[in-house]
Amino acid sequence: MTDQPVVSALTDVLGQTFRLYVQTHGYHWNVEGPQFRQLHAMFEEQYQNLWAALDEIAERIRVQGAHAPASVADLMAHAAPEAEPAQSAEDMVAKAIVEHEAIAATLRTAIATCADAGDEVSAGMLTDRLEWHEKETWMMRASTR
Numbered sequence: 130m131t132d133q134p135v136v137s138a139l140t141d142v143l144g145q146t147f148r149l150y151v152q153t154h155g156y157h158w159n160v161e162g163p164q165f166r167q168l169h170a171m172f173e174e175q176y177q178n179l180w181a182a183l184d185e186i187a188e189r190i191r192v193q194g195a196h197a198p199a200s201v202a203d204l205m206a207h208a209a210p211e212a213e214p215a216q217s218a219e220d221m222v223a224k225a226i227v228e229h230e231a232i233a234a235t236l237r238t239a240i241a242t243c244a245d246a247g248d249e250v251s252a253g254m255l256t257d258r259l260e261w262h263e264k265e266t267w268m269m270r271a272s273t274r
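Letter by letter, the sequence shown follows residues 130 to 274 in my numbering.
Think of the hints as simulated: they come from the structure by calculation, not from any bench. Heads up, a few of these hints could be off.
[Unchecked claim] Quick list of simulated restraints, FRET-style, between CB atoms:
{"id": "1", "residue 1": "H196", "residue 2": "A234", "range": "21 to 29 Å"}
{"id": "2", "residue 1": "P134", "residue 2": "Q216", "range": "16 to 24 Å"}
{"id": "3", "residue 1": "G155", "residue 2": "E230", "range": "17 to 25 Å"}
{"id": "4", "residue 1": "A271", "residue 2": "S217", "range": "12 to 20 Å"}
In this text the structure is predicted, and so the values were computed from the model without any measurement. Even glycine gets a Cβ: it sits at the ideal position worked out from N, Cα and C.
Turn these sequences into a full structure, and let the hints steer you where they fit.
See the structure below:
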């Protein structure tokens, strides 16, 4: 039952989601400044959502008959290189926007791959993820104006 292009697409989404989870959790821990409370809470909501998504995506890989990455190194092998650490609250938000946009692009490609393979369930799950990332990007952008 393993559809290699679907598994590959899901694994790439999983790796990027894991990297963004770690980055966002670090922002939650380290944000400072006048917007501390707002950003601390926003980053917490984001990392909790990302954490839950990891399980859902990994389980979808298992449904495909493949094994999900089981180590940090394996997960990171499927993610883009890490950005330089952010040095200010504004930089954290700016880098988070870039990362959410990057994963949105990966999701669009993965959705198309799943749709082409006739895997409506994976495409639907990824579409839900895309919707969340687009909304988070919009909210962060609105907060910088």
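Exercise for the section: Please flag the earlier hints that this structure goes against, numbers listed from lowest up. Expected result: 2
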